[in-house]
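S.K.: Spelled out from the first residue to the last, the chains are:
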Amino acid sequence: MAMTIAQRILARASGRDSVEPGEVIWATPDLVTTPEVSFPTYVKRLREHGIERFALPRRVVVAIDHEVPVHSKQGAERNRETRRLAAETGVGHLFDGEGITHPLVVERGLVRPGSFAAGADTHTPSLGGVGALAVPFGFELTMILATGRIWVKVPETVRVEISGRLAPGVTARDLVLAVMGRVDAELANYRVVEFGGPGLAHLSVPERMTLCGLCIDMGAKSAVAEVDRHCLDFLAEVGIEDAEPLAAEPGCAYAARIEIDAGSLSPQVSVPPSPTHVRTVEALADTEIQHAYIGSCASGTLAELSAAADLLEGRQVHPGVQLLVIPATRRIYQQAMEQGVLARLTRAGATISPPTCGPCFGGLAQLAPDEARISTSTRNDPGRMGARDARIYLGSALTVAASALAGRIADPRALLLERSEP
Amino acid sequence: MTESYRGRCWRFGDDLASDELIPPQHVFEYDPKILRRHLLAEVRPELSQQAQPGDMIVAGRNFAAGSNHSHPFLAMREMGLGLICASLSRGPFRLAVFMGIPLLVAGSEVVAALGDGDSLEVDFAAGRIADETTGQEHRVEPLSPFLLDIVSQGGGLAYARSLVEAGEIAHAES
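Line by line, the protein sequences give chains A and B. Everything in the first sequence is counted per the numbering used here, starting at 1 for the first residue and increasing by one. Everything in the second sequence is counted per the numbering used here, starting at 423 for the first residue and increasing by one.
In short, the hints are calculated from the structure, not lab data. A couple of the hints might just be wrong.
What the hints assert, rightly or not - In the DSS-like style, the derived pairs of lysine-lysine whose C-alpha atoms are separated by at most 30 angstroms in a straight line are: (1) A:Lys44 with A:Lys73; (2) A:Lys153 with A:Lys73; (3) B:Lys455 with A:Lys44; (4) B:Lys455 with A:Lys73.
To be verified - From the derived model, a few chain B residues whose C-beta atoms are all more than 12 angstroms from chain A: (5) Gln447; (6) Leu469; (7) Arg483; (8) Ser511; (9) Val532; (10) Glu559.
Glycine residues also receive a C-beta, built at the ideal position from the N, C-alpha and C atoms.
Work the whole structure out from these sequences, hints included.
M.R.: What follows is the structure in structure tokens.
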């Protein structure tokens, strides 16, 4: 039987020629990632159960990324424990404040097309942007650390065929929100989303990571993009020169097939209480906001920061709005600094913070009751960024930047049009 | 024994998010004795005080959606609660099993028939839910023997230890 990308990866990771959807298999991850939020607790719980050693420690990446710089006594102790336990357990890499795990392992060349990656963090599937099947296992990572293996039910796949090219002012975020409008939680559940089609060629690897990372928020197990020439060029730049293209086998079976014309899309915004509640930006034009945030594993990329800086150039953030910008990794931070992107953002009124997950889960820049924020982060559940009745809207960096200028949710295309006119 | 539970039905609706079960500001907290105080604290404040071991959280579709956090299940385990829901996605399903929470995925029709405060007797291995308040008995798909085995051993960590002791671990190092 012909296999989807996910099946191909799981077959290899379980030492089999082929696997069928629905089968329960034992698979061995090639890469195992955990942030400091979880790592010391995992080691402690394993030791409480008499498990002292990791089966495959060199495959483990630990990243201090959720609270950077540390701003609590508990956090300081947690980081000290993380550093000590990373050394004791002999993990392959400890990244200490160098950025958010998912973009970090990609920019450091630690994940390859066809890799089976297991992560503690919810948004691990963003590694699908380079053709890896990356699955969040949360606390189950303890079993992987202990045994090197995990039970996996082989998932069915939903194919998303992308055609066309995004119009100016429309981004990968808008594309994935459009996909959410077509794939509900029932269809996504226990399934992998596979991105392909002629439109994929127009999307950069960081954009593909945005697509894959946000699929978890529609309820999918994971997501993966086809690996094409463009992806291989990107990988060569991060030191992986022997990767090969990866696609589903012709004639494989899909649970559903969705076709999206990227050229037909407009800016979209997720409204409370969940990312799948998607509206067009026009429908929210009167929505006031007091906070705006550009960052997170999904959007803290150099391209998104640059696009926001271009839009904000020569303009000032609305006096009633706090705009916070956080590059996703130290390398992006440095590039954005060297290219003057951070200077332009700051000039427009933005506050820049060092790479961290911070605001995405309410660990930094919390919201007071009744406040509203538009954000490029991943989720908008009630209470996620502080007060339970604060409202969180999710959109692209361009939509966030346009909204920060207006003090209410705004369509970036109008500003881009203004700029392009002489 | 985790195969059957008897207790009160704590009824919730559809799309009860993980972040509502335990607000994510407590993501750094892993002590079950502290986490139990936060379980549904903003949605149903009396639950953490009044729930007894053997009680069931009974929820609608898409239970514990969103953040893939073990925290709600650590709290439920500490409190001895079981779970019946209409549906839940893969993340919370796996976590519930791994944390040793017995559960049944019962579908919307069965869940709709269970009222808040009803007295329930639940057999997870058989997939049987007896509602003593209404006198109705419901049959649903039971938890598979493989998964019930993990739950019965107290969850994935105890199960992992048995694998380690049996030498059933991956050895190939890259």
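S.K.: Would you mind marking each hint as holding or not holding in the structure?
M.R.: Do the hints match the structure? See the list:
1. A:Lys44 with A:Lys73: At roughly 19 angstroms apart (the allowed maximum being 30 angstroms), Lys73 of chain A and Lys44 of chain A satisfy the hint.
2. A:Lys153 with A:Lys73: Roughly 40 angstroms separates the two Cα atoms, so the pair is violated.
3. B:Lys455 with A:Lys44: 16 angstroms, holds
4. B:Lys455 with A:Lys73: 21 angstroms, holds
5. Gln447: 5 angstroms, violated
6. Leu469: Holds: least Cβ distance 16 angstroms, greater than 12 angstroms.
7. Arg483: 8 angstroms, violated
8. Ser511: Nearest chain A Cβ is 5 angstroms from Ser511 of chain B, so the label is violated.
9. Val532: Answer for Val532 of chain B: holds, closest chain A Cβ roughly 17 angstroms.
10. Glu559: Label holds. Min Cβ-Cβ 27 angstroms, cutoff 12 angstroms.
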